[in-house]
Structure formats: C-alpha cells, structure tokens
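Residue numbers (the working numbering), protein chains in the order written: chain L, 1 to 730; chain H, 1001 to 1389.
Be a bit skeptical, because a hint or two may be false.
[As the list claims (entries may be wrong)] Which bits of chain L does chain H cover? Going by a derived footprint, with three or more residues having C-beta under 8 Å, they are:
#1 114-120
#2 531-537
[Unchecked claim] Straight-line distance between alpha carbons at most 25 Å, and here's what the computed DSS-like set of lysine-lysine pairs gives:
#3 Lys1218/H with Lys132/L
#4 Lys96/L with Lys23/L
#5 Lys1218/H with Lys23/L
#6 Lys1377/H with Lys27/L
#7 Lys27/L with Lys1060/H
#8 Lys636/L with Lys670/L
#9 Lys96/L with Lys27/L
#10 Lys1017/H with Lys27/L
#11 Lys698/L with Lys558/L
#12 Lys1218/H with Lys1106/H
Hints are computed from structural coordinates only; laboratory data are not their basis. Every residue gets a Cβ at the ideal spot worked out from N, C-alpha and C, and that includes glycine.
Below, each chain spelled out in residue letters.
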Amino acid sequence: METAQTGKHRRRLKLAKTESKPKHTLKQRILFTFWWYAVLFVVLTGFLFYLQVLSASKVQRQAMDQWTREVKLPAARGEILDANGSILATNGTVYKVVLLPKQIDENDAERIASELSRLLNVDYEQTLADAKNQTRWERLVKRQIDAPTKEAVEALKLGSGVSISLDTQRYYPMGSLLSQVMGYTDIDSRGLDGLERMFNTELSGTEGAQHIETDSRGNPLPYGSSSVTEPVDGLDLVTTINSVDQRYLEKALAEAVEVNSAKNAQGILMDCRTGAVLAMATMPSANLNDLPRNDENFADLMRNRLVTDVYEPGSTMKILTLAAALDSGEADLQSSYYCSGSYNVNGETVHCWRRAGHGSEDIIKAAENSCNCAFMQMALGMGKEKLYDYLYAFGLGRTVGSDFMGEASGIMMGQKYVTDNDLARIGFGQSIAVTPLQLCTAVSAAVNGGELYAPYLIEKMVDPQGNTVYEADKAPVRRVISEQTSRIVRGILQSVVDNGTGRNCKIEGYSVGGKTGTAQKYDEYHRVKEGSYICSFVGFAPAENPRFVCLILVDEPKVGEIFGSTVAAPFVKSVLEDVLHYSGISPTADTVTVEVPDVCGMSYAKAKAALEEAGLACSAQSADKVVSQLPAAGEKVPQGSEVLLYTGVIGDIEDGEDDRTLYVKVPDLKGLTPLEVYDGLTAMGLVPEFDTDDPAGKVYKQEFSPGTVVKVGRAIKVYFKLDPPKTEDD
Amino acid sequence: MKAIQRRQSKPLKPLPKPHGVDFLLLLFILMICALGLVMMFSASYYYGITSKGDGLFFLKRQMAFFAIGIAGMTAAAIIPYRVFRNGWVMIALYAAAIASLAATLKWGTSILGAKRWLDIGFFSLQPSELCKVVLIMTWAGIMSRAVNMQHLIVGVLPCVLVVAPPVVLILLQPNMSMAAILCVLMYIMLYIGGTMRSHRLALLVVGIGMALLLILLKGYRAERLFGFLDQNSDLLGRNYQLNQAKIALGSGGFFGQGLSFSRQKLGFLPERENDYILAIIGEELGFAGILGLLSMYMAVIWRSVKVAMNAFDRYGRLLSAGIASVLAVQVILNVAVVSGAMPTTGQTLPFISYGGTSMVVFLTAMGLILSVSRYTKVTTKNAGPKQQE
C-alpha cells in the first residue's frame, strides 16, 4: 500500500516536473490570441475595402449586364417615295414568336414545343431544346408571321414563356413597279440591292434600346426603373421617279418583250433639263413583295442592267459623233458625204449597214439614213484626240451618277491604241461600250442646249421631323457643245423621226426627235453572237425645247425584221406620247385639245355617246359598265384621241383578311392582233398567254368564252392563226 | 511531496456570490442579433416569395430560433458555469455530441453527397456546429484539471484524444473543412492552455501531413484548392458563387445601395440568407455597414476576452477564451470566404446567417461567457488591483 502510494506520488512528481515554465501567463496568452484575431480582422477589413471601394468598378459592367435585360427598340426604316409623294416602299407590321426559357416550366416545355411546331411549322426537337435551354434569355422561334397565325398562337395561352412581339417587313405598295431600281431587303430590313442597299445607312436610322431591371429569371422588377435610348428613325427618300411615268414605261417595255419575244427590254425616261431620272425599268421584273429569292436567275432578274451592264450602242452613238463633228467644226449643215456601201479605212473595208450604199447625201440625209460611211468620215476627220475629248465630256468612260447601285463605267479603248479602223467604228457605235444610263445622259446633253447634267434618282432626303437633310445638286456638270450646235443636232434628229429611220416614233401633234440603233451582241469569248442583237431607240420631245429623253433597249428580239426602227421605236413613241399627255404639254397648234369627260359608271353605249360628243373615240373590251378610263377625266387630249374604257364586273368577295378580289368578264378577243390582245387583257388585269412562241396573225380561239367571270390576274390562253397566209412583202 | 499532494488534491475554491452579467457584452450580442434579423429578412424575402410563397417564411423561423437561443442563453447565464466542469456533465455533453454526429452518419440528410444535417422535425440540426462548442467545454474541463500542461502525455495527449472521434466522424460525412476547423480550435486551446511550443509544432507537422494525405486521397479536394487560386475563370460554373458575392460587395460601394435595395438577392447570389449573407449586407449597407458589423463582433470578442482574463478560475478563463475563439475564428472564416480570400468552408456568420443550430448554439455559448462574467473578480468599469493568476 505504502509502496503503491509512493509509486503513485513519484509518478505524479515526474509528470508535474517542468523542464521550463511557460513564457507567458494564461491571461497574457488569452490577450495574445485576441491580438491575433484583431490583426486578422483588420486585414480582412482592408481586403473588403479593396473589393468594395477600390476595385468596385471592375464588377459594375458585369452587374449591369446581369441585372438588366436589353430590349432592342427598332428604328423605323425610312420610306421611299416618288416625286409626287406616292409611297414606293414602306414598312408593314408582322409578328415574331420568341421563347423565354427562364420563364418556361420544365413540364410545359413539351406542350409548348409541340404546339409551336404544329402552328409555325418549325422543328419540334429544336424548339424543345430551345425551351429547355436555361442559359439563354430568349430564343427566336419564327419571324414575320401574319396576324391570323399570331392570334392562333395567342389563343393557346402558352404562358409568359412564349412571347409575341412586333416585327417589321418591308412592303412595296406598287408591287413589281420599279423592282430593279428599288432593290430589296433581307428579313431584318437591311438593304441588299438597289436603292435599299445604296441608301441603307440613311434608311435604317439608329436602333434604340430599353434596359429593364430584372431578377435572375428575367422577370421585370415591379418597381424597377428602366432606361430608354430612343431609336432614331431612318430618312425618307424622295426619288425623282414619277410612278405614273414609270407605269407607262413598264407597260411599254412589257409589250416590247412580249411582242418581240425578246429576252428583256430596258428603258430610261430622263428629264434632260436636270438629269432627273423619271422612270427606269427592266422587263421582266418581279413582285417586290413576293420575290423568287431561291430562283437561280434571281440575281440576273434583279440586276438594274441600265446601270450595271454595258452594251455596244450602235447607231444611237451617231448622235454624239454628229454633235462632236458639228461642234468641232469638222462638219456643218453644208457637209456632204458619199456612201458606196462600204468605206475603205487604211486598206480595210468597213461596210455600211446597207450594202447597196446610200449614194451622195448631205449631213441631214446621212443622219436620216443612219449611214455608217458618213459617220466614219466624220470620226476620222476629227481624229481620235478630238473625238475622245468630246466623248469624255459627254460622260463616257466613267460613271456618271452617284445614286445608282453597282454603276459600270463603260469600256473605251485606251486612246493610244485606237487605230483608224477602231476610230471609224467608234464613229458609228462599235468598238465602244456604254451603259444605257451613260448614253441617255450623253444624248440629253446633246439635245438640251449642250450642258451635261449628272443623272440622279434621289430628289431629297427628309428626316422624321420633316426637315430636308439632303437635296440633289441640279447644277450642270459642264458644257459639252455650244447651244447653237445643240439646236442643229435637235433639228437633224427631228428630221430623222419625220423623214428617216425614226418614222415609227412620230407622235400626232408633237415634235419628236430621235435615233435608232441596232447593235450586235458578243458571246463570252468576245465573238459576235450571230442573230443576237440589241435594238434600241432614243427619242426626245418636244423636239424644239426638249424635256423628256427616252431610251429603250430590246435585248435579243426574235422577230423577222430586227432594227431599232421597228423593234424599239414604237415603244418609245408609246412612252413619250403617254408622258407628254400626262405632263400637260399641249400638242402643237394644228390640233385641237379637248377635255376628257368622266364616263366611269356609265354603260358602254352611254360612255361612247358622251365621248363622241366630246370629239373622242373610244374602245372597250365588252359592252358592260365602264369601271375605269384612260386618260382620266379632266385631262386634255388631242381631238380624235382614243379613250380606253375598262369594262367589267367588279365584285367584292371576302377572301382572307382584307384582300378584296376583283372579278372581270373575259372579253371577246376574236380577230384581234397580238398587240391588241396584249393591251386589252393587261388593261383589265388579265394575263395573256400566247399559244405559240411567235404569235402572228389574228386570234381564232380563246380560253374562256366571252363573258365568263374570272378573277383578276387569271391567265387567258389565246390561239393565233395566220389569216390570210403569211406574205413575205415586209 | 507534501506540496505536490496539496496541489493535486486542492479542493476548488467555491464560487463567490455572483454579480450582474457583463452588460456591454450582452448589449453588443443583442445589437448584432437585431441587425442580423433585419438583414436576414431583407436577404431572404425574395427567395421566400419565389420558393416558399411567403416572404416572411425565413424571418418567422429565424425569430423562433432566436427565441430558443435567447432561452438557451438565459439558462446558461443563470446556471453557475462550474456545473459544466463536473466530470459527469462533461462526459454526458461530449457523448451527446458524438452520438449526434454518429446519428447524422446513419440518418442524416444527404445533400450533394455529404451527410451534414440531421432532420429532427422542426429543423435540421447541424451536429458539427454543436460539436465545436462542446469540444471547447471539454477541453476547458480537461485543461483545468491537467497536472502539467507542459507534459506531452499529461497535457497534450488527452486534448488530442478528445478531438479524434468527432474529427473522424466529421471526415466521414465528409466535411474536411469542418474537421480542419476543429483541429485549428484545438491548436488555439492548446496554446491558451500553456502547452510547450515544441509539442505544438510537432502536432502541427503531423496535422499538415495528415491533411495532405487526405487531400491527395480525393482528387477533387486538390482541384478545389487550386481552382480557388484562379478566381476569374468559369464565372458561370465553379466560380459562380464567389463572383456573384464580389459583384454584390462591389456594387455596394462605400455606403451601399440602401437597406432592402440589394439586387444580388434576386436569385443571382446563392446562399444569400445563409453563408453569403455578408455579401448582401455589403451590397445594401456598403463597406460602412460591414465595418460597423465587424466592429460589433470585435467588441463582443473583446468583452469575452476581458471576461476570460478576469474570470474567477482557470476553467472560467479557458471556457470564455475558447468560446471567444470559436466566435472569432468563425467570423474570420466567413468573411474570408465571402471576400474570396479563402476557399469555401461552409461556415455561417454567427447571429446573422439563417439557421437554427448556429443561432441556438452561439447564443447559448454566449450565455456561458455571461455566466463566467457574473463571477469575475474585477469588473472593467472600476479597475481594482491587478490580480495574479
């Protein structure tokens, strides 16, 4: 017991024995730990000060990004207007469907995806994946859906995760009018071609944005503020185009294509006093509201060939040679030429278009005959330096306008390399390539008194407040020929129409000047393409004091006689005639003008009587009630003119939301010529469909018997028969 | 020999007549609690509405926890602290803590592969929180009895043996950071208790070695540790929470967005009413608010240390200093984690973060310090003659 106790004590002694006393007392140690904690607190406080105050700006951007949701506020794209304020391009309202995945309940995703894929014809799997994708604020499902579809989607009540918002779509109230010049836009209303692309920046304006405060799921905060950057709407473009003139031109070109079975027809109508382009068209065209974007020839169809494509002008070029020769003193009204059917240039024989030759002729006769030999002599007489100076002054060899998309500068041989042979050919329009726009501009300068005006399309730009921010510069670029020379050129060209190759352009009651042109086409290897021609005619009126210059090109006509005089001239005449009437220029004194009475609503017999009483003739497709007339009531036309009466039944039949469909009665076409059929049917809104490639003769059969009621836009097949048998005396 | 006999069998001096509790300590605790309830309500309102359909959901529960905590604190303050030095009481508390940890492993709620909570109906108990304070009480009891703290076997070993079972059980949850915090607390207690520096250094080397071993054992731990060093990448994944906390702190600036005007609480910052509530405080009250809050914590710790230094006996000193250390370490860790100075440890902000265990345990622990404060020899208000240890 004793030993045990002693052992225990010894053990305790050993355990209690200290090698060294602790340096500090317990109180001191407690205090030390406190100081350690205090130091750590201070360090952390310093670190927090760094995070919260010193480097706070680092997180600012991130914070704003996640706290706010940006909603784009689109700027309205500017409208495009014609010179009279008619709308050519505007914006229509459509809708878009957007998914907000963060607001979609997991269980609803499948229903939403299946309903949307059914209604909007979108992929189910993709929509389902989008609906479940929580990492995105929103996913676009489909754009540009129409009002009925939008209502159908709304009716499903798919919850806040399916949002419908406004979308815009470019809308062209005049359909196919001006299509190549206008161009088109993509789904986001960004201009891709034509005016839409050329002036995209001006039309677009500046997009605005709204920042909405939201929680992490994207729900707007009930008392959250939102900042708005207002969008700035685009500028409105006021063009020089007159939509009425444009319609006349397009109508004439469509006829030219149809009647000549041509590949296409192009035309420009220009105000030669300013360079303003009043009308510019290529046929065939396309409906801008329903473009065949997937068609392989789409780019070809939509190209504004009048500015992008060059061609050999042929005889229309002679106007410029003539003007240069007269102005330089190389030729005057007394000059005379001899044409044997060919001309020898340094040992090479260049033929006149008439192999038999024109014999001895003065300069007026040479122009009337469009004699190549005479113009070769004029060009050679001037020499290449002088002629080139004039051609450059006329604006050839470089782009002339600034409002045109993709304008080409034409091809002129380098002056150094021009041989006499080339020079002779340039004199009558070969070995040189120009754009139709260049030629029209140059001819305008030759006949307007001698000053070159840059062609332009944009009269002015107007901002949304109505202020004009841009106005076209209408000052002449330079004087090319003297006023005196210009007067002589006008006289000679008037004579061409009165007595020469331009006969087909004569207009009753007006003086008209002009020049025909026929040019060969070349294939891709620069070889003459046999049987392919471009027939053109450039005309101007009134001849004494020109205002309108009209150039029409018919590309690859497939009719027997291929000359500008027969292929293109009648259509220039048609355009100029319409335009002159419309613009209110009175015919010369020997014709009496009368005012067209209003006959709309009358029966055909009554209308006919009323018109005859006024001294006017009339024509109509049927004896039904008159629904429209051309020219319109109140216009002044020469006595004896024909007024075209549109007759038919017009019914308003509900078809879709707000499309009112017109119905007309098919007229009797028997015995009519192709041109008459074309005019008659298109005037009624029907589409003639010719049975043969080369419609000739008179109608002997037609689809739908006369009097049948059909929808406007309906194609009517027409069969022609040569009767009497074809005579070869043309 | 007689002296030794006396030292060992010296009966404890009976506690004197108690005086009032340390008023400043109580005041600062209640101030933090008041601020905590307001901020917790602000931080949780949006989440309450969107997830529970009741913006007051979290506030109501936190008020209940607070009430229980106050009851616990009052009880602990009234009971003479020396009751807890009693061997049987000590063993009972320790056993209860171990049992709850074991129960957690068996019946605990598994969240993301870790079992840390024990669902006991009204709320989820986090036994490891409880364990921290129980261990401090156990260590204080052991150290106040130890013959020679300078001795490795007598002084150090018992403390290590006591910490081993909870550390193992917590590692099995797994919750390595909590286990590491227990070891850190033990280290602090061993220092306060007066062990030899060489023993502590040896313990430190062993501890770090074991920690490395555990880290190497599970690849994801090293990944997390090193991933923490690269805080600016993967902001939507691994670093999402930290980045959101930084956005909250940064947008608070010096004076804050104003009470209730936090945006980060609107679903951007996870754990906003919980471990990351400091970020919301920083966003709404700014750096100024955080500075004020940290000052209040500092005041509570200072008063606790003051109580510890003036405590009537060694047990009271060790107990108060230990509990003050738990509080200090936890606040430091929480601030460090929220501000990105340390990898995530899952430590709540005492008296403020939403959660029953944390609230009740810390208030009750504060009650223990208040109890010690009733028996201090000298009050700080009228500084008497300095007392020797």
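Results for each hint:
Coverage of the stretch 114-120 of chain L by chain H is violated [criterion: at least 3 residues with CB-CB distance below 8 Å; count 0]. Note: the stretch 531-537 of chain L has 0 residues with beta-carbon separation from chain H under 8 Å; the three-residue rule is not met and the coverage is violated. For the hint linking Lys1218/H to Lys132/L, the alpha-carbon distance of about 34 Å lies beyond 25 Å, and the restraint is violated. Distance restraint check for Lys96/L and Lys23/L: the Cα-Cα separation of roughly 80 Å exceeds the 25 Å cut-off, and the hinted pair is therefore not satisfied.
With a C-alpha separation of about 41 Å, the suggested pairing of Lys1218/H with Lys23/L is violated against the 25 Å cut-off. Under the criterion of a C-alpha separation no larger than 25 Å, the hint pairing Lys1377/H with Lys27/L is consistent with the structure, at around 13 Å. For the given pair, Lys27/L sits about 42 Å from Lys1060/H by alpha-carbon distance, which is inconsistent with the 25 Å threshold. Proposed proximity of Lys636/L and Lys670/L is contradicted: the alpha carbons are some 32 Å apart, above 25 Å.
The hinted pair formed by Lys96/L and Lys27/L fails the criterion: a straight-line CA distance of about 76 Å is larger than 25 Å. For the given pair, Lys1017/H sits about 23 Å from Lys27/L by alpha-carbon distance, which is consistent with the 25 Å threshold. Restraint check for Lys698/L and Lys558/L: the C-alpha separation of about 19 Å stays at or below 25 Å, so the hint holds. A hinted pair counts as satisfied when its Cα atoms are at most 25 Å apart, and Lys1218/H with Lys1106/H qualifies at roughly 22 Å.
Comparing the model with each earlier hint shows violations of hints 1, 2, 3, 4, 5, 7, 8 and 9; every other hint is respected.
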